[in-house]
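**Q** Based on the sequences and whatever the hints tell you, model everything.
2 protein chains.
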Amino acid sequence: MPRTRKAVVLLSGGLDSATALYWARAKGYDARGLLFDYGQRHDRELRSAMALCQRLHIDFELVRFSLPWRGSSLLDPSRPLPHPRTRAAIGTRIPSTYVPGRNAIFLAFGASYAEAEGCGAVVIGANALDYSGYPDCRPDFIRAMARAVTLGTKAGREGRPVRILAPLLKLTKSQIITMGLRLGVPYELTWSCYRGGPVPCGRCDSCRLRAAGFARAGLADPAMQRI
Amino acid sequence: MPRTRKAVVLLSGGLDSATALYWARAKGYDARGLLFDYGQRHDRELRSAMALCQRLHIDFELVRFSLPWRGSSLLDPSRPLPHPRTRAAIGTRIPSTYVPGRNAIFLAFGASYAEAEGCGAVVIGANALDYSGYPDCRPDFIRAMARAVTLGTKAGREGRPVRILAPLLKLTKSQIITMGLRLGVPYELTWSCYRGGPVPCGRCDSCRLRAAGFARAGLADPAMQRI
Numbered sequence: 125m126p127r128t129r130k131a132v133v134l135l136s137g138g139l140d141s142a143t144a145l146y147w148a149r150a151k152g153y154d155a156r157g158l159l160f161d162y163g164q165r166h167d168r169e170l171r172s173a174m175a176l177c178q179r180l181h182i183d184f185e186l187v188r189f190s191l192p193w194r195g196s197s198l199l200d201p202s203r204p205l206p207h208p209r210t211r212a213a214i215g216t217r218i219p220s221t222y223v224p225g226r227n228a229i230f231l232a233f234g235a236s237y238a239e240a241e242g243c244g245a246v247v248i249g250a251n252a253l254d255y256s257g258y259p260d261c262r263p264d265f266i267r268a269m270a271r272a273v274t275l276g277t278k279a280g281r282e283g284r285p286v287r288i289l290a291p292l293l294k295l296t297k298s299q300i301i302t303m304g305l306r307l308g309v310p311y312e313l314t315w316s317c318y319r320g321g322p323v324p325c326g327r328c329d330s331c332r333l334r335a336a337g338f339a340r341a342g343l344a345d346p347a348m349q350r351i
Numbered sequence: 125m126p127r128t129r130k131a132v133v134l135l136s137g138g139l140d141s142a143t144a145l146y147w148a149r150a151k152g153y154d155a156r157g158l159l160f161d162y163g164q165r166h167d168r169e170l171r172s173a174m175a176l177c178q179r180l181h182i183d184f185e186l187v188r189f190s191l192p193w194r195g196s197s198l199l200d201p202s203r204p205l206p207h208p209r210t211r212a213a214i215g216t217r218i219p220s221t222y223v224p225g226r227n228a229i230f231l232a233f234g235a236s237y238a239e240a241e242g243c244g245a246v247v248i249g250a251n252a253l254d255y256s257g258y259p260d261c262r263p264d265f266i267r268a269m270a271r272a273v274t275l276g277t278k279a280g281r282e283g284r285p286v287r288i289l290a291p292l293l294k295l296t297k298s299q300i301i302t303m304g305l306r307l308g309v310p311y312e313l314t315w316s317c318y319r320g321g322p323v324p325c326g327r328c329d330s331c332r333l334r335a336a337g338f339a340r341a342g343l344a345d346p347a348m349q350r351i
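Top line first, the protein sequences correspond to chains H and R.
In terms of this note's numbering, the first sequence is residues 125 to 351.
In terms of this note's numbering, the second sequence is residues 125 to 351.
These are calculated hints, taken from the structure and not from any lab test.
These numbers were taken from a predicted model, which means no experiment stands behind them.
Treat the hints with caution; some may be incorrect.
Said to hold, decoys possible - Calculated cross-link-like contacts (lysine-lysine; reagent style DSBU-like; alpha-carbon spacing at most 35 Å):
#1 130/H to 151/H
#2 151/H to 278/R
#3 294/H to 278/R
#4 151/R to 278/R
#5 151/R to 278/H
#6 130/H to 278/R
#7 294/R to 130/R
#8 130/H to 278/H
#9 278/H to 151/H
#10 278/H to 294/R
#11 278/R to 278/H
#12 130/H to 294/H
#13 294/H to 151/H
#14 151/R to 294/R
#15 130/R to 278/H
What the hints assert, rightly or not - Just a sample of chain H residues kept apart from chain R, beta carbon distances all over 10 Å, derived:
#16 129
#17 149
#18 151
#19 152
#20 165
#21 178
#22 179
#23 204
#24 206
#25 244
#26 253
#27 326
#28 327
#29 339
#30 342
#31 346
Virtual Cβ for every residue (Gly too), placed ideally from N, Cα, C.
**A** The structure is reproduced here in C-alpha cells:
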C-alpha cells in the first residue's frame with residue numbers, strides 16, 4: 125500500500141506506543157516517531173523507542189524539555205515508586221507516577237510537529253482499560269485535546285485538521301498484545317518497567333499490567349524470554 | 125488583600141502577558157511566572173519577563189524546549205520575517221511568525237506547573253482583537269484547552285480544576301494599555317518586537333500593534349521614550 129498519508133506517532137518505547145506505531149503503518153500511514161526526553165528516571169525506554177524506529181527505518185524527532193516542578197515519583201529520584209499493587213487495585217486510584225499534564229504536553233508537541241511537517245494525524249498509544257488510572261489516558265480528555273488542536277492550529281482553521289488517533293483507547297492489554305503480534309511488533313525491543321535496570325523489575329504497575337496482558341493473551345513476553 | 129489563591133502566569137516579556145500578570149496580582153492571586161526558552165530569535169523578551177518578576181519579587185520557572193521542526197519564521201533565522209503589514213491587514217491572515225501549537229504547548233506546561241504546585245489557575249495574556257491572527261489566541265481554542273486541562277489532570281478529576289484565565293481576550297490593545305497603566309505595569313520593561321536589536325524595529329506586526337495601541341489610548345509608550 126502506498127504511504128501517502130503522513131502521521132506523527134508518539135513513542136515512549138513501551139508496549140502500547142510500539143503497537144500504535146505498527147497499527148499506523150498497517151493503516152497505510154507514512155509514520156514518523158516523536159520521542160520525549162523530559163527527565164525520566166532512566167533512558168532505557170528512550171533507547172527502546174529509537175530501536176523501534178531503526179527497525180522500521182523511519183525518521184524520528186526527539187524533544188527535550190525540563191519539568192522543573194517535578195510533582196511525580198516518575199521524575200523525582202528522591203521519591204519512592206508506589207508500593208506494588210494488585211492488578212485489581214491498579215487503575216482505581218491515580219498513583220504517584222502520574223506526571224501532571226504529561227499527555228497534554230505530548231499531544232501539543234505532536235500537533236506542532238504534525239502541522240509543521242504537513243502530517244494529517246498524531247497517533248497516541250493511550251489506553252483506558254488496563255492502565256494505571258492516569259486521567260490523561262481517558263477518552264474524554266483525548267477528545268477534548270483533539271478539539272483544542274483543531275481550533276488552535278492553522279491547519280485546523282483551514283479545514284485540514286490534524287487528527288488525534290488513539291487506536292488502543294478501548295482495548296484491553298491482551299487485545300493490544302494480540303493485535304500487535306499479528307502486526308509483527310517486536311515486543312522484545314520494548315520497555316515497560318518504571319525502573320531502568322538491566323531487566324524489568326516485574327513488580328511495578330507497568331510490569332504487572334504487561335505480564336497480565338501477555339498471560340491473558342496466552343502468550344509469552346519476548347522481553348522476558350531474553351533474560 | 126491577602127494572596128491566598130495561587131496562579132501561574134505565562135510570561136513572554138511582552139505587553140500583554142505583563143498586563144495579565146498585574147491583573148492577576150490585582151485580583152489577589154499569589155502569582156508566579158512561567159517563562160519559555162524555545163529557540164526564539166532573540167532572548168530580549170526573556171530578559172524582559174525576568175525583569176518583571178524581579179520587579180514584583182515573585183518566583184518564576186523557566187522551561188526550555190526545542191522545536192526541531194521549526195515551521196515558523198519566528199524560530200528560523202534563515203527565514204525572513206513577514207513584510208510589514210498595514211494595521212488593517214494584521215489579523216486577516218495567519219502570518220509566518222505563527223508557531224504551530226505554541227499556546228497549546230504553553231498552556232499544557234502551565235497546567236502541569238499549576239497542578240504540581242497546587243495553583244488554581246493559569247493566566248494567559250492571549251488577545252483576540254488587536255492581534256496577529258494566530259488561531260491559538262482565539263476564545264474557542266482557549267475554552268477547548270481549559271476543558272482538556274480539566275479532564276486531563278488529577279486536580280480536575282477530583283473537582284479542583286486548574287482554571288485557564290485569559291483576562292485580555294476580548295480587549296483592544298488600547299484597553300489593555302489603559303488597564304495596565306492603571307495597574308502600574310512598568311511597560312518600559314516589556315519587549316514586543318519580533319526582532320531583538322537594541323531598540324524595537326517599529327515595523328513588525330507586533331511593534332505596529334503596540335504603537336497603535338498606545339496612540340489610541342492617547343499615551344506615549346515608555347519603552348520608546350527610553351530611546
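**Q** Let me make sure I understand: some of the numbered hints might not hold for this structure. Which ones are they, in numerical order?
**A** Hints that this structure does not satisfy do not exist here, as all of them hold.
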